[in-house]
Each structure stands twice: as structure tokens, then as C-alpha cells.
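Peer 1: Hey, can you work out the whole structure from these sequences and the hints?
Below, each chain spelled out in residue letters.
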Amino acid sequence: MSDTHAHSVAFVRMETIPQSAPPLAAAGPVRWGKDNLFATPANALLTIASLVVIYFILAATVPWILNGVWNAGSLSECREILQGTSGACFAVLTERWPQLLFGFQYPSEAYWRPTLAFVLMLVALAPVLFFDLPRKLLIITALFPFVAYWLIWGGTIWAPILALVGFIVGYLVYAKFVNRSFAVGFFGGIAAAFVVWALSGYIVPALTPEETLLSSVPSRDLGGYMLNMMLGVTCVSLSVPLGIVLALGRQSSMPLIKWVCVIFIEFIRGVPLITLLFVASVMLAFLFPPDQTVDLFIRVVIMITMFSSAYIAEVIRGGLAALPKGQYEAADSLGLDYAQAMRLIILPQALKISIPGIVNIAVGLFKDTTLVSVISMFDILGMIRGPILASTDWNGLYWELFLFACVVFFVVCYSISQYSQWLERRLATDHR
Amino acid sequence: MNKSVLFGALTVAGLAAGAAAAATLDDVKARGTLNCGVTTGLVGFAAPDANGEWKGFDVAVCRAVAAAVLGDATAVEFVPTTGKTRFTALASGEIDMLARNTTWTFSRDVDLKFDFVGVNYYDGQGFMVPKALGVSSAKDLDGATVCIQTGTTTELNLADFFRANNISYEPVPIETNAEGTQQYLAGACDTYTTDASGLAATRATFENPGDHMLLPEIVSKEPLGPLVRHGDSEWGDIVRWTLNALIAAEELGVTSTNVGEMATSTNNPEVARLLGTEGTLGEMIGLDADWAKRAIETQGNYGEIFAQNIGEETPIGLARGLNAQWTDGGLLYSPPFR
Amino acid sequence: MSTTTDPQGGTFRLSMLLNDSRYRSLTLQAIAAIMLAASIAYMISNLLANLAAQDLNISFEFLGSPAGYDINQTLIDYSSQSSNLRAAFVGIINTLLVAVLACITATILGVFAGVLRLSNNWLVRKLMSFYVEIFRNIPVLIWIIIIFTIVTAVLPGARAYLGEDPERNMLAGMFAFTNRGVYVPAPFFTTGFGGEEGSGLNWLLVIGVLIASFFATRFVTAGADKKQAETGIRPNTLYLNLAIWIVPVAIVLFILGLSWDLPDPLANRFNLRGGLQIGAPLIALWLALSVYTGAFIAENVRAGIQAVSRGQTEAASALGLRPNRTMSLVILPQALRVIIPPLISQYLNITKNSSLAIAVGYADITATLGGITLNQTGRAIECVLLLMLFYLTISLLISAFMNVYNNSMKLKER
Ligand SMILES: N[C@@H](CCC(=O)N[C@@H](CS)C(=O)NCC(=O)O)C(=O)O
Numbered sequence: 517m518s519d520t521h522a523h524s525v526a527f528v529r530m531e532t533i534p535q536s537a538p539p540l541a542a543a544g545p546v547r548w549g550k551d552n553l554f555a556t557p558a559n560a561l562l563t564i565a566s567l568v569v570i571y572f573i574l575a576a577t578v579p580w581i582l583n584g585v586w587n588a589g590s591l592s593e594c595r596e597i598l599q600g601t602s603g604a605c606f607a608v609l610t611e612r613w614p615q616l617l618f619g620f621q622y623p624s625e626a627y628w629r630p631t632l633a634f635v636l637m638l639v640a641l642a643p644v645l646f647f648d649l650p651r652k653l654l655i656i657t658a659l660f661p662f663v664a665y666w667l668i669w670g671g672t673i674w675a676p677i678l679a680l681v682g683f684i685v686g687y688l689v690y691a692k693f694v695n696r697s698f699a700v701g702f703f704g705g706i707a708a709a710f711v712v713w714a715l716s717g718y719i720v721p722a723l724t725p726e727e728t729l730l731s732s733v734p735s736r737d738l739g740g741y742m743l744n745m746m747l748g749v750t751c752v753s754l755s756v757p758l759g760i761v762l763a764l765g766r767q768s769s770m771p772l773i774k775w776v777c778v779i780f781i782e783f784i785r786g787v788p789l790i791t792l793l794f795v796a797s798v799m800l801a802f803l804f805p806p807d808q809t810v811d812l813f814i815r816v817v818i819m820i821t822m823f824s825s826a827y828i829a830e831v832i833r834g835g836l837a838a839l840p841k842g843q844y845e846a847a848d849s850l851g852l853d854y855a856q857a858m859r860l861i862i863l864p865q866a867l868k869i870s871i872p873g874i875v876n877i878a879v880g881l882f883k884d885t886t887l888v889s890v891i892s893m894f895d896i897l898g899m900i901r902g903p904i905l906a907s908t909d910w911n912g913l914y915w916e917l918f919l920f921a922c923v924v925f926f927v928v929c930y931s932i933s934q935y936s937q938w939l940e941r942r943l944a945t946d947h948r
Numbered sequence: 227m228n229k230s231v232l233f234g235a236l237t238v239a240g241l242a243a244g245a246a247a248a249a250t251l252d253d254v255k256a257r258g259t260l261n262c263g264v265t266t267g268l269v270g271f272a273a274p275d276a277n278g279e280w281k282g283f284d285v286a287v288c289r290a291v292a293a294a295v296l297g298d299a300t301a302v303e304f305v306p307t308t309g310k311t312r313f314t315a316l317a318s319g320e321i322d323m324l325a326r327n328t329t330w331t332f333s334r335d336v337d338l339k340f341d342f343v344g345v346n347y348y349d350g351q352g353f354m355v356p357k358a359l360g361v362s363s364a365k366d367l368d369g370a371t372v373c374i375q376t377g378t379t380t381e382l383n384l385a386d387f388f389r390a391n392n393i394s395y396e397p398v399p400i401e402t403n404a405e406g407t408q409q410y411l412a413g414a415c416d417t418y419t420t421d422a423s424g425l426a427a428t429r430a431t432f433e434n435p436g437d438h439m440l441l442p443e444i445v446s447k448e449p450l451g452p453l454v455r456h457g458d459s460e461w462g463d464i465v466r467w468t469l470n471a472l473i474a475a476e477e478l479g480v481t482s483t484n485v486g487e488m489a490t491s492t493n494n495p496e497v498a499r500l501l502g503t504e505g506t507l508g509e510m511i512g513l514d515a516d517w518a519k520r521a522i523e524t525q526g527n528y529g530e531i532f533a534q535n536i537g538e539e540t541p542i543g544l545a546r547g548l549n550a551q552w553t554d555g556g557l558l559y560s561p562p563f564r
Numbered sequence: 496m497s498t499t500t501d502p503q504g505g506t507f508r509l510s511m512l513l514n515d516s517r518y519r520s521l522t523l524q525a526i527a528a529i530m531l532a533a534s535i536a537y538m539i540s541n542l543l544a545n546l547a548a549q550d551l552n553i554s555f556e557f558l559g560s561p562a563g564y565d566i567n568q569t570l571i572d573y574s575s576q577s578s579n580l581r582a583a584f585v586g587i588i589n590t591l592l593v594a595v596l597a598c599i600t601a602t603i604l605g606v607f608a609g610v611l612r613l614s615n616n617w618l619v620r621k622l623m624s625f626y627v628e629i630f631r632n633i634p635v636l637i638w639i640i641i642i643f644t645i646v647t648a649v650l651p652g653a654r655a656y657l658g659e660d661p662e663r664n665m666l667a668g669m670f671a672f673t674n675r676g677v678y679v680p681a682p683f684f685t686t687g688f689g690g691e692e693g694s695g696l697n698w699l700l701v702i703g704v705l706i707a708s709f710f711a712t713r714f715v716t717a718g719a720d721k722k723q724a725e726t727g728i729r730p731n732t733l734y735l736n737l738a739i740w741i742v743p744v745a746i747v748l749f750i751l752g753l754s755w756d757l758p759d760p761l762a763n764r765f766n767l768r769g770g771l772q773i774g775a776p777l778i779a780l781w782l783a784l785s786v787y788t789g790a791f792i793a794e795n796v797r798a799g800i801q802a803v804s805r806g807q808t809e810a811a812s813a814l815g816l817r818p819n820r821t822m823s824l825v826i827l828p829q830a831l832r833v834i835i836p837p838l839i840s841q842y843l844n845i846t847k848n849s850s851l852a853i854a855v856g857y858a859d860i861t862a863t864l865g866g867i868t869l870n871q872t873g874r875a876i877e878c879v880l881l882l883m884l885f886y887l888t889i890s891l892l893i894s895a896f897m898n899v900y901n902n903s904m905k906l907k908e909r
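Protein chains in written order, with my numbering: chain B, 517 to 948; chain R, 227 to 564; chain A, 496 to 909.
Simulated from the structure, these hints should not be mistaken for laboratory data.
Beta carbons: idealized from backbone N, C-alpha and C, even for Gly.
Among the clues, some could well be false.
Claimed, not checked - Partner residues aside, some chain A positions facing chain B, computed with beta carbon under 7 Å:
#1 Q524
#2 I526
#3 I633
#4 P634
#5 K722
#6 A875
#7 L881
#8 M883
To be verified - Reference listing, derived: stretches of chain B covered by chain A, where coverage requires no fewer than 3 residues with Cβ under 8 Å from a Cβ of chain A:
#9 652-660
#10 721-734
Unchecked claim - Under the rule of at most 16 Å between Cα atoms (straight-line distance), these lysine to aspartate or glutamate pairs were calculated in the EDC-like manner:
#11 R:K255 - R:E443
#12 R:K357 - R:D437
#13 A:K847 - B:E782
#14 R:K255 - R:E303
#15 R:K339 - A:D550
#16 R:K365 - R:E303
Peer 2: Right, dumping it as C-alpha cells:
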């Protein structure tokens, strides 16, 4: 019977058909497009609308950017080169490059100094940001502030050295006494550091030679993007320790300390940064002793640090609250005192939880450093709105400059927030 | 916190600027530079040139003081200030003197506690309009939008002028001259008002200065001059008499080129006293004998400074007008050097 | 904390102040109090010494004296002869105005972008995350200035609209977009209460009627709920509610004689006259705060929706709910609980960021009290203190509101 079958059918395939590709509409880009772009009529409409938006954005910007002029001495020269066609005049960036980066008063022969400081900063930040790097690198981080200070401000090298010596002496005293009691070590360390600094207040002038290796630059000559960077880095690094203290104070069982911290934090968080900058520019000077004035830069650093420390304190408080109560109880049951419990058990965990939050605050703070242009400091925005747009050569040119400002902020802020997300993912796995 | 500890810590930080209260002269000498407040940029009066070097009519006053006090006209640290920040900068000791076309008024002198040491430019408030607008008098500006720099006397004069003439306007407050120029050129305001000298200087920076005109009305008196903090008369005297020396030099025919020769060969006793070859004026004011000579040598006399920065030969093209010597029918009149 | 038993009574030794846990906290607080008092005293003495050295004093009398300057955008009566205090009030009202406007648009924008970020359309998703990342990572001050520049440098001058035969015609004869601001028709009443106060009364009347309508519709809805609970059939209330909203207000507006004041291109040679002018600084500030904060709100909304577990959606569809009912009855109510607290702090941020008005010359409280008044009177300390007091009050009010909200949410959780 088997034959009948064979004979009644003209063709029998003996081998399996090779797998053919799925129909065009069921896989590949078409399928993907159908699922992701044209799933429903409404969706298709959205896609088309988005395409139109994208087209308009690109049509307005791409030719303008590609057609850009990079070499010209003034806006009118630029216009001459462009001959009426649409095109950006990036020449302003080339011509004012140092001003945008360093401000218009920083001595031009010293531009290498902040540049070097910037590179060192990247090196110093690396071990803080990436835990896998050898811990020894942290020594560079610790030395960085002093080196950077010397590079940027110049002047006698003894000032940063003695400041460093103050810290070292403070640390030695702390290390000596911390075994007896944390409080003694801590306050003893601070006192020792202050003694060194107070003494060096008299020593430094004596050691200062007539001609210093690096010429000294007054801080009002700082400007440009460098100023934003400096304010951002200084204030964030100063406000983390202060934020920790405030957060612990707010959790304290001692009512006086708790209330001082609560009032401070809520006060700072309740007012806009700009009012605090007004305080820095017009009011703070009145609170210092009459016979000395403090640089505007320092006053601004003080106020911004206070500002961000209040926000960081709230983040850390969240971290402290997120720790299971068992951790506190475990520390108590081991017989650790408050300082030990905090230092060895609670803070390391709480800080780890808080890092992404702290990074977010840091990004926000870095963006907020542009506000100093309102109190007439010449940060990048102040430079653009002031000396550059005011100059006869470049009057009437905005987009190129604003684009530049947007790009430099976007690059930094976006990388930091990507870093923070990466960190969050990493810490999350560590936790399990 | 103990004061010396705080002070020590701050010195180590290397950032404690000098003292503010008394004895500005000692501070300036100790520091080796003069901190002088100027505008953020008004060509002809004070603006950094392409090399970042400050140039201008007000700048020359700062340099003259530095030359007199420190013997070095370049030992000046220029601090740009806006209409808003200038007084805080001076009061807080950030700057030693302010030379930023600032009007001498009663309340600034008495209530804000500053000492105006003299007048280096007699000015008045004017209006600039595009010629295309077809306005010929400030009284035609009913309903116009006016750009006005905040924190200035001109802001108050403007309100008074329009109220007195019973016409209305819309103020557009701006912070710096740069911003004002941009807004005005972009047409965000119909007219820009400030000191007439400032308007002339601003117009000179336009691409087409000819398209714009100053209206004939001058609606206020704006005697502009340098000022110092109240309560340090010695320092005030130095700035005052340096300015007077520049003015007197013009009257007496002393110029930057002939000052050396005049100092030795003059037989005019006032010139001799001014240049320190006779009498002890320098000692009286707490400086050396050549103080005025150095100021004139480096900056020129008032007339030279005027001609170089804002005079008729420059793009700004201001006539001497009220700012001529009293002998030429102007208001400049230096008290005698005696 | 202490492992050894505390000594019972006995003699008191000085070292017990630090080592005995009964006293230690008191000791530490006493030390802290002394240090705090000392540093405050130190700063006050510095302040007094500085004031004395410069022959200044602290006094709030300047608030009563005439301000002397004019303000371009005022919602209450103001002239250069008004007092500095009144100028500050003008500023306060302007701050609140821009804050409220920006809160509304930022919320709309944020919800829109947040929902679209979860859309299953790839392109839209990408476009929205582009929006969020761009706006979140560039300082708001730059955005304010950019938008201000767009308005002032791109839109045509006011004069383009002026005259018998203008270069440009107003949109629908009513709207003009100039580089000084946008002009729209302004409503006013012809037969209502007259005079300055009258116009305020008219508006109060309209608002009162709207509030009454609101309560009436609530009443109707409650009745419908009751009926549904009793009989299982829900009466259709849509038309009734619509009528309650529209009819009374329409009648009142008609009685008051509502009419529109259009911008007039002929009255003045410099500017349009009449209509409602929304100045360029207000537009810049409003838009910039909206798009900037909108990006943050979008993130909050996305996080809120994602926080509702997928099981909820699945459970809802197992119950047979249609997708849009799932969204409105199941997902949103739960997501809102996550979204609203950060949303309120974004509102707080908007209010605080509105102080950047000073960069574009919008007359908010920072620009009047903290700017021009401060400068013209030289009363820096007084002005800055008052300024901070104002913002602090606003923040505390908003936080108090937030606490009330959080507490009411907590109750529902049980
Ligand atoms: N004289 C007036 C106004 C002075 C003033 O602000 N002048 C403007 C324009 S002439 C200026 O110098 N601007 C330069 C700047 O923006 O820094 C005053 O003292 O209040």
C-alpha cells in the first residue's frame, strides 16, 4: 500500500525545508518598527509628530552648526565670511576661549596652573569615585587641595604647607588620644590644628620671599568656568562633613543640639540660594571683626557650603533612618559608645545608602554655582553676559555662547548623574 | 572663637584681604596695590581693552592715585562694579576708592556715609533713541518703553521726569551697561537713558552710531566724581588732591611731556609747590614731594586725560562744555595749592 | 550605653560630669549652649562694632518712605510715590503670580512627559528622555536667560504691530507677540460695580459663583453615589454637572456685562495699548521654570507609576477592568501617593527659583525689596532679612501643607 501513496502523489519531499527567514513583517526592523513605532493609529500619529519635531530641530541647528565659522575677529567679520547664509559664529569661542575658561582677569601666562590643577583633580577624584582603585591613591586626594590652592592662587608655598602641617598635627593628636576617648581625640586634634594655624599666621609672612615661585593671584581675578568648578568642588567637599554633623545632630537625643540643627537645616532649606548669596555679598562682612575683611570668594564659599550642607544633612538623615534598628541595637549590645558605634557601624552603612542622594545634591549645587553671576562674580555666565557680550566685537551674538555654556554644564552634570546611576546599581548588588 | 586664631587661620588660607576701617593709606602701601572700583565696562570711562588692560577716563584717576601713593601707575587692581554692587564694595572695604561715574548726591554723601572728593565730570541725564523713531524731544516719549540701569540716580530721575510731565512709560530694569545696550539694540526698549556722557560712550560702540541720537533734554544734574569711605579723612584728602592736581596742572599748563622740565625750571611758585620743588605739600599729605608730579607724568593733566579717552578726537567725541577750566567758561576750578 | 552600673548616690566628683551618663548629656548641652551663645554674641558684637565704625544703624523706617522708582508689571496700584513697603507687596504678588503659573504648567508638562516616557512608542520614549536629560542637566538660570533672549531677540518689535497699516497683523485681531511681551484681550465689566475697588468686587463675585457651583456638583455626585449604592444604577450626572458649572457663571458674567478690551495698535506710537500685557521677563521666567521643573516632575511621575507593582495591573485585568479604567481606578490613585510629596517639594523649588527673576528684570520680591529698594536706600541688612523672612514663611506654609497631606495619606493606609 505504501506504493499507492508514492504513485498517486507526484512529488514527495524527502528532506526538511531549510528554515527560511521569517516574513519581512514579522521580524527585523520592520517588525520592530511596527511594535515600537506604529502599534496603534494613535501611536503612529505620535511617531509622525515626533519625527516632525525632530526634523524641525535638526533643520534649524545642523546646517547652522556645520556652516559655523571658527576663525574671525569680530561678529561683522563673521557675517562677511558667511555672506548672508545661516551659520554659527563659533569664532567667538576661539577668540574668547581663555576668558570663558579662566575669566578676564586671570594672568594669561599662568593659565597652565589651573589647567594642571584640573588634571590633578581628575586624578584625585578617581579613588573617591571608583572603589576598586588602590586605596593608596587617596594620599593624592588628601594632598590635592593644598597643591591646587597653591597652583591657582600662587604666592608663597608656605601657606598651604603650614595649613597641611596643621591638619597632620591635628591628625596625630587625634590618633594619640582617640583610644582614650573619641571626644578628647577629636577636640584635641582640632585644637592642635588651630594652634598650628594661629602660629603660622605669624610664621608665614616671615617666610614669604619677595618674589614667589608662582605669582600670587587675588581671588577676585578668578573667573570663567574655572570659578564654577572651584565653587562646586570646594563647597561639595566641605559640605559633606558638615552635613554628617548636622544629620547626626538632628538625630541626637539632646534637645538643645537637636533643635539647633533642626532650625539651621529648615532655615537654610526654606530660603533661595540667591538670598544667601546676597547675605554673602552685602551682609556677611558685617559679622566679621571690623578690622578685617574677608574675600568675596570665601564669603560665597561659606554661604554655598551652608546651603548644600543642609540638603546633604537631609539625605544622610534619610540614610540613617533607612538602616534597620537592629544595627543600632547590635552596636549597643557590643558595648560600643556613641562615637564608636557611629564611626564603625552606623555611618559607613548610612553613607553608602546616601551616596546617590549626595551625588544628586552635588549636581544641583554645581548648576547653582551659576547664580554667583547675579552678585557680579564673573563665572562662565557672568563672563558671557558681561565682558563678552558687551564688547564691541561680539555684541549681538548669543546662541553660540549659550550653546557653549549649555554643553559644558551638560557634559559634567550628565556624566555625574550617569555615574550616580552606575553606583546605585553597584551598591544595590553589594547589599544583597 | 578667638580672633587671632580666626585671623591666623585665614592668613594661612592666604585670602584675608587687608583691613577695612581706618588708615586706608597704610593698607594700600602694605598691600602694594590700590583696589579701585570701576564700571563693568563703559568704553572711554573704564573698560578692559583686548589685552585685558583697563583704559579710560575714570581709570586714569585710579592710576593717578596709585602713581601718587605707590609710585607705580600700574599697581592698581581694578574691581568691576555694577550700579548695584558699587556701594557695598566700597563700604565693605573691598575697594579703597570708587571711580565709576557716580553722581554726588545728598543721600549718598550723608545717609550712605561716603565722602565724595570732587567732581571729575559734570554731567546730566539724557535719552538716546534710534533716529528711525522720529522722536525729537523727551516729552514725546509718552508710552515709551525705557531701558534704565537699576540702583542709579537716573532710575529715580526718570520716574520724576515722567511724573512731572504727566506722561507714562514702561521701565525695563537692567543691571549693566552691556545688558542695556543689548536690550536697546534688540528693540526691547524704545529709548535708553543714563548719564549723557555714558550714552555718548555707549553709542560710540555701536556698529552704526549714526542711526542713533541723543535727545536735547538733559533732565538732571549728575556731577560725577570719585568717592571714598566716610571717616578716613587722610585717605580722602589724598584722592581729592590728586584729582585737584590733575585739574590744576591743566590750568597751570603742566602736561605729561613738560612736567619734568617744569619741575626744575619753573618760576611760577604754584607750579613749584604742585610739583614738589618748593614747599612741603607732599609731606603734609603724608606722601613724598613728587606725588603730584608722578600722577601728572604718567596720566597727563586733566585736559590730556579728557582728550585721550573721551574728547572730540575719540570716537566718543564729547566736547569740553561744562568740563572746561573756569578760565575757559567751564566749571573746573581747583582750589589753590598752597 | 554604659556597661557598668551607675554609682548609687555617694559623693559627686567633677569627672562624673563627663563620664557619668546621667550628667554627660547635660554637660555637653551646657557646653554647646555656651559656645553657641558665645559665637552669637561675638557676631552681634562685630555687627555693632561695624555699624558704629561706619556710622550706620538698623532701622526699618525706610519702608514707609516713597520708593521713587517705577515698576513695569504691577497687579496692585503702584506709582513711584508709593512706599517701599508697597513696592515690596508688588514684588510679593508678582512672585506668587509667576510661581502659581509655573506650578500649573510644570505639572501639566511633567505629567505629560512622565507618562510618555513609559509609552510603548520607542521614538517618543527617546524624545522624552532627551527632554528630561537636557533640561535637568543645565542650570535653570541659563534656561531663563536663553528663553528671555529668544523672546527679545526673535520676536518682532512692538512697532511692527502699530499704525493704520501695520507690518504684521495681530493673530485673530486679538493677540500680538512682540519682543516686549505678549498682548492678549483683557476681560472687563461694563455694568458691574464701578471704580477701582469695583472691578475687584466683580471678580470676587464670579469666583464666589464658581465656588458655589463646585459644591453643588459635589452634592450632585454624592447623590449619584448614594443612588448607585442603593440601586446599583448610576444616574447620568454629566449634563447636570456641566449645567451647574456653566449656567450660573454665564448669567453672572452677562449681568455684569463682560466684554473684552483688545490691544489697540493706534493709541500710542511706541507700544500697543490696552489688553493684557504679559511682559517678556514674566514669559521667560514662567516658561523656563516650567520646562526645567517639568523635567524633574516627569521623573517623579515616571517613578511613581513604576512604583505600582505590575501585579496591580494584572489583578485589575483579571477583574475585567478596561485599560483606561485600570489606569484611573487602580494605577493612578496608588501612584499619586508616591508622586505628590516630591511634587510639592518641586512646587517649593519653583517658588524659590522664581527669585532668579532678578536676572531678567521681572519685578518679584527679590528684584524690588532685595534689589532696587536695597540699592536706593542702602539698607542692605534690613532688606535681606525681610527677604529671607518672606521665603521662609512661604516654605513653612508649604511644608505644613505637605505634613497635613502626608498624615492624611497615612490614615488611609490602614
Ligand atoms: N551717575 C549715575 C549713573 C551711573 C551709571 O550707572 N552709569 C552707567 C551708564 S553711563 C554705567 O556707568 N554703566 C557701566 C556699567 O554697566 O558697569 C549714578 O551715579 O547713579
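Peer 1: When you check the alpha-carbon spacing of K339 (chain R) and D550 (chain A), does it fall within 16 Å?
Peer 2: The hint holds at about 7 Å.
Peer 1: Quickly compare the C-alpha distance for K255 (chain R) and E443 (chain R) to 16 Å and report which way the hint goes.
Peer 2: violated, 45 Å
Peer 1: Holds or violated: is the Cβ of M883 (chain A) closer than 7 Å to a Cβ in chain B?
Peer 2: holds, 5 Å
Peer 1: For the pair supplied as a hint, K357 (chain R) and D437 (chain R), confirm whether the alpha-carbon distance does not exceed 16 Å.
Peer 2: holds, 6 Å
Peer 1: The hint names P634 (chain A) as touching chain B; please verify it with the least Cβ-Cβ distance against 7 Å.
Peer 2: With a minimum Cβ separation of about 4 Å from chain B (threshold 7 Å), the hint on P634 (chain A) holds.
Peer 1: For the hint on Q524 (chain A), just tell me whether its beta-carbon gets within less than 7 Å of chain B.
Peer 2: With Cβ-Cβ at 4 Å, under 7 Å, it holds.
Peer 1: Is the interface hint for I526 (chain A) satisfied, with its Cβ closer than 7 Å to some Cβ of chain B?
Peer 2: violated, 10 Å
Peer 1: K255 (chain R) and E303 (chain R) were given as a pair; does the straight-line alpha-carbon distance stay at or below 16 Å?
Peer 2: Holds - the C-alpha atoms of E303 (chain R) and K255 (chain R) are around 13 Å apart, at most 16 Å.
Peer 1: Assess, step by step, whether the Cα of K847 (chain A) is no farther than 16 Å from the Cα of E782 (chain B), and give holds or violated.
Peer 2: holds, 14 Å
Peer 1: May I ask you to test the interface hint for K722 (chain A) with respect to chain B, counting a Cβ-Cβ separation under 7 Å as satisfied?
Peer 2: For K722 (chain A), the interface hint is violated, since the closest Cβ of chain B sits about 35 Å away, which is over 7 Å.
Peer 1: Is the interface hint for A875 (chain A) satisfied, with its Cβ closer than 7 Å to some Cβ of chain B?
Peer 2: holds, 4 Å
Peer 1: Do three or more residues from the segment 652-660 of chain B put their C-beta atoms closer than 8 Å to C-beta atoms of chain A?
Peer 2: Per the Cβ count (0), the hint is violated.
Checked against the numbered hints given earlier, this structure breaks hints 2, 5, 7, 9, 10, 11, 16; the rest are met.
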